[in-house]
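Let chain A serve as the given structure and place chain B on it in line with the hints.
Protein sequence lines correspond, in order, to chains A and B. With the first letter of the first sequence counted as 1, position 73 gets the number 72 in numbering that gives the first Met the number 0; the numbers rise by one all the way through. With the first letter of the second sequence counted as 1, position 186 gets the number 185 in numbering that gives the first Met the number 0; the numbers rise by one all the way through.
Hints were generated in silico from the structure; no laboratory data involved. These numbers come from a predicted model, not from an experiment. Note that the Cβ used here is the ideal one computed from N, Cα and C, for glycine as well. It is possible that some hints are incorrect.
To be verified - DMTMM-like mimics (lysine to aspartate or glutamate), calculated; alpha carbons at most 20 Å apart, straight line:
no. : chain 1 : residue 1 : chain 2 : residue 2
1   : A       : Lys187    : A       : Glu22
2   : A       : Lys291    : A       : Glu45
3   : A       : Lys291    : B       : Glu157
4   : A       : Lys187    : A       : Glu73
5   : A       : Lys291    : B       : Asp156
To be verified - Far from chain B by the CB rule (all over 12 Å, computed), these chain A residues:
no. : residue
6   : Leu44
7   : Ala104
8   : Gly124
Okay, here's what each chain looks like letter by letter:
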Amino acid sequence: MAETAAAPRAWSGRVRLLAWLQEYGVYASVLALLLFNVAFTPHFLEVANFRTQLIQVAPIVITSLGMALVIGTEGIDLSVGSVMALASAMVVLYLGYGAPVAIIAALIAGAAVGAGGGALVAYVGVQPIVATLALLVGVRGLANVLVPQLTEFRNPTLITLGSRSVLGLPLVVVIAAVLTVLVAFLVKRTTFGRQLVAVGGNRAASRLSGLPVRRILVTVYVISGLLAAVAGVLATSRLQASDPTSLGLLMELSAITAVVVGGTPLTGGRVRVLGTVMGALLIQLLQATLIKHNLPQSWTQMAQAVIILAAVYAARGRRA
Amino acid sequence: MTTTIADADTGADARRGPGALRRERIGHLLQHHGALVVLAVTVLVGAATFDSFATPQNAANIVVSSSFLAIVAIGMTFVIISGGIDLSVGSSFVLAGVLAAYGSRYGLLVALLLPLAVCGTIGLIQGLIVARTGMAPFIVTLAGLLGMRGLMLAISDEGANTYLVRDDAFSALGQAAFLGLTVPVWITLALVLLGGVLLQRTGFGQNVFAIGGSEEAAVLMGVPVTRVKVLVYLISGLLAGLAGALNAARLSSGVTILGVGMELDVIAAVVIGGTLLTGGAGGLTGTMAGVLLLGVIQSLINQIGVLTSSFQQVVSGAFLALVVVTQRLLHRAQRLS
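Okay, chain A solo, but in the shape it has when bound:
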């Protein structure tokens, strides 16, 4: 009797552990890394260090937010890194008309790429991974054609955008925080957010219950393109130079990693905004920790691989 009762309890204990890991694992990991650094890394608690970390993570956070929305609809957006490069190229091309025009041109380009990808997915029915793969290849090429080599510029507005501080916080970080709040609001408190999750959860049911599935999908990809363009503009203004060959390279992988580690399932139907931000922070912290302890870049990549596998394994355990 006791034995038969014990077995299911042990089993449900394991399931509960996996569920807990999926829900709070990313927070626990960030906390653990922070504690480790406080204890073992010299100069970790200095303000300058936190500033650097936050500035570096800001573009990844912004792109990941868009990626989280797309993954929430059971899609994926591989084009984000190339969109960053295109936005950067647009900034340089239109800087002659002043910084606001240049920034708007970059954002329009990002939204246009997103609309293109969204239309392929929603109206033609191409798989998201192929549609955005075509954009990844083509858009990076386009950015390179527009701005063939690294171009430096001096523009006071963009310098402000890239290195100014508001209330002691870098403007870049403030923008990332504001966008996080906006996206969280969009997901939790608006009809569009509910519709997005519904489309990701069960597209056929959403269509049957009269949701404008195609319009929702296109909008989601446009948002992802816009956010990637914002990240591109911020990265460009921080560098004071545009380099479409390398800007945003492999960004899609970082963004997907952040989203997946943050607990958003790849199967759609759920978006975790705060988890995504934490996922980005976790990877940034991990890199910083390894660098500060003189471990090379190669270790970071291998550690990242293990973390992705662990995160997805935990997510799988919960569904099963």
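Only chain B this time, still in chain A's reference frame:
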């Protein structure tokens, strides 16, 4: 060698008129051999436009530079037909190159076997994870991409150390020419033949198609799904490793900056070749046409001269979009008819 047309369609054909049948045949032809048609048209246009395009020298250049992508694409075709995807091939390619150059100091055999063993093992592990845990292939091989690039950086002093090939026999494997074409081209041809037979004429090949078509149905039919999946990723890892090793032999060194984004080129070539990313349909002839098409586009853009190589990416991306859109529209038309 040719692409498999789903048997389920033939039953439906009998119920329709001859006109619909003919339209469907044309649809099938376009879907499965579209890349070949586009390739022929592109070559003709190129030959008509540029005097220096349709020369044996240029053709040899295209074939030689495409051969490495082609070897990787063979493995990728197997993976994609089985309904999976392998993002780790670019990292495999560069890791294998570094390992081969490092191993060449111990002779030809080590230079070849070391990269094959390492890349094969990692492919095997990825296959086991995909097949046993049911995790998305996309994520598992993404982790493989990061992990293998990390491993490559770790053994090459963070990419700063470029090992040189110290074995002449191994260099010859990448550089020697036979009947005007280099050894890697002949190896590619042999592998395409072998892969075609494996895919179309063996039980294993039919199982790959079955799993890609419907995994649940394959399980019910008694297809050894786990074993087939593991083998598919093993093949992909081995071929990416072989391509990387041959490339190191061609360059006489283990260059550490190669292979970034290669997986995307390979996937693009496979998809342009008519293999469906949803799995269950496709073939190696199409894939080879896709690889050659990318090579021809590159060559044409070099001919134009004023355009930079980045223009090639724009064209490749546009081709990829065009092909998938056409595939979808044909698919839809077939369903409606």
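Quick rundown of the hints versus the structure:
As the CA atoms of Lys187(A) and Glu22(A) are separated by approximately 17 Å, the hinted pair is consistent with the 20 Å bound. Under the criterion of a C-alpha separation no larger than 20 Å, the hint pairing Lys291(A) with Glu45(A) is consistent with the structure, at around 14 Å. Straight-line distance between C-alpha atoms of Lys291(A) and Glu157(B) comes to about 16 Å, which keeps the hinted pair within the 20 Å bound. Simply put, Lys187(A) and Glu73(A) have alpha-carbon atoms about 18 Å apart, close enough for the 20 Å limit, and the pair holds.
With a C-alpha separation of about 18 Å, the suggested pair Lys291(A) and Asp156(B) falls inside the 20 Å cut-off, and the hint holds. Separation of Leu44(A) from chain B is adequate, the least Cβ-Cβ distance of about 29 Å exceeding the 12 Å criterion. For Ala104(A), the non-interface assignment is confirmed: its Cβ lies about 19 Å from the closest Cβ of chain B, beyond the 12 Å cut-off. For Gly124(A), the non-interface assignment is contradicted: its Cβ lies about 5 Å from the closest Cβ of chain B, within the 12 Å cut-off.
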